[in-house]
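Number of protein chains: 2
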Amino acid sequence: MSIVELSGGVGGARMARGLAALEDVDLTVIVNVGDDAANHGLAISPDLDTVVYTLAGLEGPQGWGRREDTFALNEELARFGVDNTFKLGDRDLALKLYRTQAMAGGIALSAVTEAVARSFGIESTVVPATDDPLRTMVRIAEGWVTFQEYFVTRQHHDEVLELRFDGAGSARPAPGVVERIQDAHLVIIAPSNPPLSIWPILAIDDIREAVAAHPAVIAVSPLIGGKTIKGPADRVMTTLGLSPGNRGVAEAYEGLIDGLVIDTSDRDDVAFLDDIEIIVTDILIKEPEAGVRLAALLVGR
Amino acid sequence: MSIVELSGGVGGARMARGLAALEDVDLTVIVNVGDDAANHGLAISPDLDTVVYTLAGLEGPQGWGRREDTFALNEELARFGVDNTFKLGDRDLALKLYRTQAMAGGIALSAVTEAVARSFGIESTVVPATDDPLRTMVRIAEGWVTFQEYFVTRQHHDEVLELRFDGAGSARPAPGVVERIQDAHLVIIAPSNPPLSIWPILAIDDIREAVAAHPAVIAVSPLIGGKTIKGPADRVMTTLGLSPGNRGVAEAYEGLIDGLVIDTSDRDDVAFLDDIEIIVTDILIKEPEAGVRLAALLVGR
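Residue numbers (our numbering), protein chains in the order written: chain A, 1 to 301; chain B, 1 to 301.
One or more hints might be untrue.
It does not matter which identical chain is used: a pair holds within one copy or between any two.
Here are the simulated SDA-like cross-link-like pairs (lysine to any residue), alpha carbons at most 20 Å apart as the crow flies [unchecked claim]:
1. 96 with 83
2. 96 with 39
3. 230 with 159
4. 87 with 67
Worth flagging that the hints you see were computed from the coordinates, not collected in a lab. Only a predicted model underlies this, so the values are computations on that prediction, with no experimental measurement involved.
Using the sequences and the accompanying hints, generate a full structural model.
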């Protein structure tokens, strides 16, 4: 059974881990690249790496970065007055360095990602939404800043007033992405931040059209008890003018989804969501077993 | 007292450590960049870094690299099929990454080196021979290879048949280098490999001329008992057609030096060296105290 997942970072990676554990599932994870950045001249793809590390069972304790990594290089950068706020582990940096070199040699991000996933023994397909530059820009009170500036440097304290996806207009889907969506039995939108992690993927016209045309698209809400477990999704949705709770999630994917999976703690939201199918279940998937259970429920319907 | 040292890696760094420890010495170390290379896309300057780490008291146990460094990043590179023969430590890589970024931003190697030396609390001036590209190429039986290929990858097992210094013809001395030589009370050529470490510096015309014109240039032999303690200098000198022993060292610096310091174990070489002043003393300077003693002897003459 062919499954496509649209994914941001930690939440999407955990959903992917659950799906990948199922037998007879051919999983393709299409990953947000709007957070990608050049840090110390290195090609940083936070969401791609989180998905890869999580599928390899090597993710860090917070869900991102490499497990049991060390930070000698990052700490030493401070000696030279380099901003090392964005903490990069030594092992994690090996991947960044490899990707940077490969891309400098003309290899596309999708091809590098394929090689990286293979080197970690991952059988699922992990693919960036696009090989072209696409950058999520965030407008806060002070003006437009990059995603990394908003999220890492400013620790997502600011109110998000507007989003812009630079490059999305000319970005082409990475090779195979549209075909994978079209051929999928089921498209799952991960419990990632809808505006910050999924909209950048959907900002690519051909991907949005393929998702809109697909007959079985199910989103998993990032909300539990009306709040996000981590990250600013609930606040961001509010300041961007979306409704509170899962009604806002449904609005974020308007015209795209056929079903929405919400947490049992948010069962009252059902009343507001009468034009799409609602599945109510436990959606906290921090533990791998919970992810497998949720994945099995989605795939087995 | 103003002292200039022309330096390669470990031997030159130890000589510099001795000189820097003397009171009233204003030391400028002009360092070979012929071994510089791009490794994993990073700007590697082996001799500059060895001099900086040694002057900072942070050199590795073999004389190069950082003391108590870890190798997590380098080891992890193997996962991606990247050649990691050239072992780069995690802390050492922070310097490489900083330099690469700074140079990508248009800052000259000499300016980066100045900032690096300052960040390590070094009071001496450490300067590359040139900011322009200059690469030592080595002809072995198989043809021309880079210095790193010859030295690191092939572990300097090959006979060196010929040397070439690509870029030397158009390389300008780094800012201040010629003036420092002209103003120096004494120019010391370090106990480095004459053809592989010092010739690349002297391959820059303006530097060679300034050294040739200087009235007090003393070379310290890299030989002890006719052999080098480490590295292939003795073999390289032979295959390049220089005489054995210190006669060959004197030939390597013909027309440039006014004196040559040789080891007590090589006192018989004096017979062959009648056109320059010969100083016979213990020149093994692996221990810092020995370096200070030798430095004091050279400066106090």
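Here is how each hint holds up against the structure:
no. : hint         : result
1   : 96 with 83   : both (17 Å within a copy, 15 Å between copies)
2   : 96 with 39   : both (10 Å within a copy, 14 Å between copies)
3   : 230 with 159 : within (16 Å within a copy, 62 Å between copies)
4   : 87 with 67   : within (13 Å within a copy, 23 Å between copies)
Checked against the numbered hints above, the structure breaks none of them.
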